[in-house]
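**Q** Below are the chains, spelled out letter by letter.
There are 2 protein chains.
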Amino acid sequence: MSTQFSFTLNATDGAARTGVINTPRGAVRTPAFMPVGTAGTVKAMMPESVRATGADILLGNTYHLMLRPTAERIHALGGLHRFMNWERPILTDSGGFQVMSLASLRKLTEEGVKFSSHIDGSKHMVTPERSMEIQRLLGSDIVMAFDECPALPAETKVVEKSMQLSMRWAQRSRDAFGDRPGHALFGIMQGGVTPELREESAKALVDIGFEGYAVGGLAVGEGQEAMFGVLDYATGYLPADKPRYLMGVGKPDDIVGAVKRGIDMMDCVLPSRSGRTGQGWTHRGSVNLRNARHKDDPRPLEEGCGCPACSNYSRAYLHHVVRSDEIIGSMLLTWHNLYYYQTLMQEMRDAIAVGNFAGFEADFHARRAQGDIPPQ
Amino acid sequence: MSTQFSFTLNATDGAARTGVINTPRGAVRTPAFMPVGTAGTVKAMMPESVRATGADILLGNTYHLMLRPTAERIHALGGLHRFMNWERPILTDSGGFQVMSLASLRKLTEEGVKFSSHIDGSKHMVTPERSMEIQRLLGSDIVMAFDECPALPAETKVVEKSMQLSMRWAQRSRDAFGDRPGHALFGIMQGGVTPELREESAKALVDIGFEGYAVGGLAVGEGQEAMFGVLDYATGYLPADKPRYLMGVGKPDDIVGAVKRGIDMMDCVLPSRSGRTGQGWTHRGSVNLRNARHKDDPRPLEEGCGCPACSNYSRAYLHHVVRSDEIIGSMLLTWHNLYYYQTLMQEMRDAIAVGNFAGFEADFHARRAQGDIPPQ
Numbered sequence: 002m003s004t005q006f007s008f009t010l011n012a013t014d015g016a017a018r019t020g021v022i023n024t025p026r027g028a029v030r031t032p033a034f035m036p037v038g039t040a041g042t043v044k045a046m047m048p049e050s051v052r053a054t055g056a057d058i059l060l061g062n063t064y065h066l067m068l069r070p071t072a073e074r075i076h077a078l079g080g081l082h083r084f085m086n087w088e089r090p091i092l093t094d095s096g097g098f099q100v101m102s103l104a105s106l107r108k109l110t111e112e113g114v115k116f117s118s119h120i121d122g123s124k125h126m127v128t129p130e131r132s133m134e135i136q137r138l139l140g141s142d143i144v145m146a147f148d149e150c151p152a153l154p155a156e157t158k159v160v161e162k163s164m165q166l167s168m169r170w171a172q173r174s175r176d177a178f179g180d181r182p183g184h185a186l187f188g189i190m191q192g193g194v195t196p197e198l199r200e201e202s203a204k205a206l207v208d209i210g211f212e213g214y215a216v217g218g219l220a221v222g223e224g225q226e227a228m229f230g231v232l233d234y235a236t237g238y239l240p241a242d243k244p245r246y247l248m249g250v251g252k253p254d255d256i257v258g259a260v261k262r263g264i265d266m267m268d269c270v271l272p273s274r275s276g277r278t279g280q281g282w283t284h285r286g287s288v289n290l291r292n293a294r295h296k297d298d299p300r301p302l303e304e305g306c307g308c309p310a311c312s313n314y315s316r317a318y319l320h321h322v323v324r325s326d327e328i329i330g331s332m333l334l335t336w337h338n339l340y341y342y343q344t345l346m347q348e349m350r351d352a353i354a355v356g357n358f359a360g361f362e363a364d365f366h367a368r369r370a371q372g373d374i375p376p377q
Numbered sequence: 002m003s004t005q006f007s008f009t010l011n012a013t014d015g016a017a018r019t020g021v022i023n024t025p026r027g028a029v030r031t032p033a034f035m036p037v038g039t040a041g042t043v044k045a046m047m048p049e050s051v052r053a054t055g056a057d058i059l060l061g062n063t064y065h066l067m068l069r070p071t072a073e074r075i076h077a078l079g080g081l082h083r084f085m086n087w088e089r090p091i092l093t094d095s096g097g098f099q100v101m102s103l104a105s106l107r108k109l110t111e112e113g114v115k116f117s118s119h120i121d122g123s124k125h126m127v128t129p130e131r132s133m134e135i136q137r138l139l140g141s142d143i144v145m146a147f148d149e150c151p152a153l154p155a156e157t158k159v160v161e162k163s164m165q166l167s168m169r170w171a172q173r174s175r176d177a178f179g180d181r182p183g184h185a186l187f188g189i190m191q192g193g194v195t196p197e198l199r200e201e202s203a204k205a206l207v208d209i210g211f212e213g214y215a216v217g218g219l220a221v222g223e224g225q226e227a228m229f230g231v232l233d234y235a236t237g238y239l240p241a242d243k244p245r246y247l248m249g250v251g252k253p254d255d256i257v258g259a260v261k262r263g264i265d266m267m268d269c270v271l272p273s274r275s276g277r278t279g280q281g282w283t284h285r286g287s288v289n290l291r292n293a294r295h296k297d298d299p300r301p302l303e304e305g306c307g308c309p310a311c312s313n314y315s316r317a318y319l320h321h322v323v324r325s326d327e328i329i330g331s332m333l334l335t336w337h338n339l340y341y342y343q344t345l346m347q348e349m350r351d352a353i354a355v356g357n358f359a360g361f362e363a364d365f366h367a368r369r370a371q372g373d374i375p376p377q
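Going down the list, the sequences are from chains A and B.
Using our numbering, the final residue of the first sequence is 377, and nothing's skipped along the way.
Using our numbering, the final residue of the second sequence is 377, and nothing's skipped along the way.
One should not assume that every hint holds.
Same chains, same label: a pair holds when it works inside one copy or across any pair of copies.
Pairs of lysine-lysine, DSBU-like flavour, derived with a Cα cap of 30 Å [what the hints assert, rightly or not]:
no., residue 1, residue 2
1, K296, K44
2, K44, K158
3, K296, K115
4, K243, K204
5, K296, K158
6, K296, K124
7, K243, K115
8, K115, K252
9, K115, K162
10, K296, K243
11, K115, K158
12, K44, K115
FYI, nobody ran anything at the bench for these hints, they're computed from the structure.
Just need the whole structure built from these sequences, with the hints factored in.
**A** As structure tokens, then:
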């Protein structure tokens, strides 16, 4: 096991890449999908089950954890890994995005953001320095720079000012992060859908120097076409020898399109959240298990899938427990969805390794075009 | 593995007994605690996890399953064992108790009970014959006779009339059950807190002849003292060579007291239900994990416990996930509580086998008298 953080690129196919991020807590195979463990748990999953789906790394949310149970408490209890019983790598976001989307009474200044907790109304301030401190207390392996992210669409002038603030905060994040062998700090590119701003942001980040680079400010309402449009050029502004992380993405077709455009890491609540509302994701698209068409169906959600939901239960059972609001419905569908997502990542890693990403992609879209299996 | 249903008594200590119920689906070590899988799932648990706690047999609820997804549907899907992925023995109740406690617009006649579903208002009728049919469709290994159970306290005359109706229904249940090798039908003794009625009921049942006998009509509001008072004499009315089942019991001290009085099987929602509200059961009593005293406590819920909640998590973590309404809080505490209950059953089986039930019981009460571990 590595004692340092490093990234090895093993193969490329067009812009798509496959490799390994090495950390003292284990390897992360890329392209990687990171399940979201918002408040110290991937909802409805035991951590050993998350690992069994094939996940190498989790994402934790700084905003949620700083409010409850607090970073200081988690630190006193031995850090986030021990707290939540996940000894492999953890990436934490900076808190910035969720402060802007969840907290109330936000006040943004050059210094940072003041806000009130959505849980109990308590007052807090997060600055780049405080975000680095929180992520250090949590024991995060991959720390994200503190940034500001405007919702899209927004005026170019607004996006530019915001991006430039984020770049000043990126420098302060780097300075505050300090020297932490085995841990990584990632910078976050901003600039909305304007190529010049994306380029300016990337240059500023590369000048500072980070162990990895995120494409921020996407998946915030701009739509898939606009997102892919940015990725078509923006990943090219980033160093080829560092991991590239697309934050908050996405649906399976978003993920495939992002990997095609040179992204190495992603995270999204979608597979876990939709699993709690009765939605299953398969190679043929998404399936609403609440639908009455499943109530007598003895077939598995996805034929050939190796997850417990598909190995041991019928669609009729999944329909029954979803309709009855039984917790096992959330447990089984979250497990399946995370397993499907990790299967998809493995398929892409394999395809890139043998130079057949185009073949994978054609097959991916052809299977989805079929739609769900017909009723019996 | 047995092809027939049988009961072997291995040892007794006073009135307490230990033995094995053999069924084609596996052995049930007695005294046995049966977790409740109301609607085709032990809430918040995967069935393999229920087995890992040490459970040999589950209870399923006829009333819930007949309404949703229906007994006919479960039968068409291969039976309840396959439906819910639990291949070991299942006992089903007759539906009578829950018709009277959950359904609306109930009408009781000699024939059976008419009622409206609490889920969708649909009209149903359950008779002894229909209850046998439903339990056969479910594929239950241990079938309960259809009975009527008045809430206590009730006038002796009311209890007597109800008991006599239940005895006529017991005969109809026996007749309708038919010849089903490998499956068992249990009769249910009624008679409230009146020894003469209990004796009359037991004689009626023994005259009919069953593979096992339940003590019904307890744990319905009479209190532990009255319940133990009935058990002090009522188990003696039942044949020594058949299993004795106390329905719907109970708290750990209820269970210990029942085993002491010759009970072999019990079921209760308490360990699973209380696990979903943040309550943990230990050898030192019950612990409310919502309480702020746990928020910084790095110690496990119960030192030395082998369940995942105690092996891998602190009280501080359990407190955090319970307060945050995270599903893993229900998952971990249900697992712990079922594990504790099964541990307790194993301790009693071991103590009876070596003739030391009194020593076990003294230790059980001494540990509980200590109360929870003091704050650090």
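**Q** Hint by hint, say whether it matches the structure.
**A** Hint check:
In this assembly of identical chains, K296 and K44 lie within 30 Å of each other by CA distance both inside one copy and across copies; the values are 26 Å within and 20 Å between. Taking identical chains as interchangeable, the C-alpha atoms of K44 and K158 are never at most 30 Å apart, the minima being 39 Å within one chain and 53 Å between chains. Within a single copy, K296 and K115 get their C-alpha atoms only as close as 50 Å, which misses the 30 Å cut-off; across copies the closest is 26 Å, which meets it. For the identical chains of this complex, K243 and K204 are intra-copy neighbours only, at 14 Å inside a copy versus 81 Å across copies, given an alpha-carbon limit of 30 Å.
For the identical chains of this complex, K296 and K158 are neighbours neither inside a copy (54 Å) nor across copies (46 Å), given an alpha-carbon limit of 30 Å. In the homo-oligomer, the alpha carbons of K296 and K124 lie at most 30 Å apart only across protomers (21 Å), although the nearest pairing inside one protomer, at 49 Å, exceeds that limit. In this assembly of identical chains, K243 and K115 lie within 30 Å of each other by CA distance neither inside one copy nor across copies; the values are 33 Å within and 70 Å between. For a Cα distance limit of 30 Å, the shortest separation of K115 from K252 qualifies neither inside one copy, at 32 Å, nor across copies, at 49 Å.
Taking CA atoms no more than 30 Å apart as the test, K115 paired with K162 passes inside one copy only; the shortest distance there is 19 Å, against 71 Å between copies. Within a single copy, K296 and K243 get their C-alpha atoms no closer than 48 Å, and across copies no closer than 40 Å, so neither meets the 30 Å cut-off. In the homo-oligomer, the alpha carbons of K115 and K158 lie at most 30 Å apart inside one protomer (23 Å), although the nearest pairing across protomers, at 71 Å, exceeds that limit. For the homomeric pair K44 and K115, the shortest alpha-carbon distance inside one copy (28 Å) is at most 30 Å, but the shortest distance between copies (41 Å) is not.
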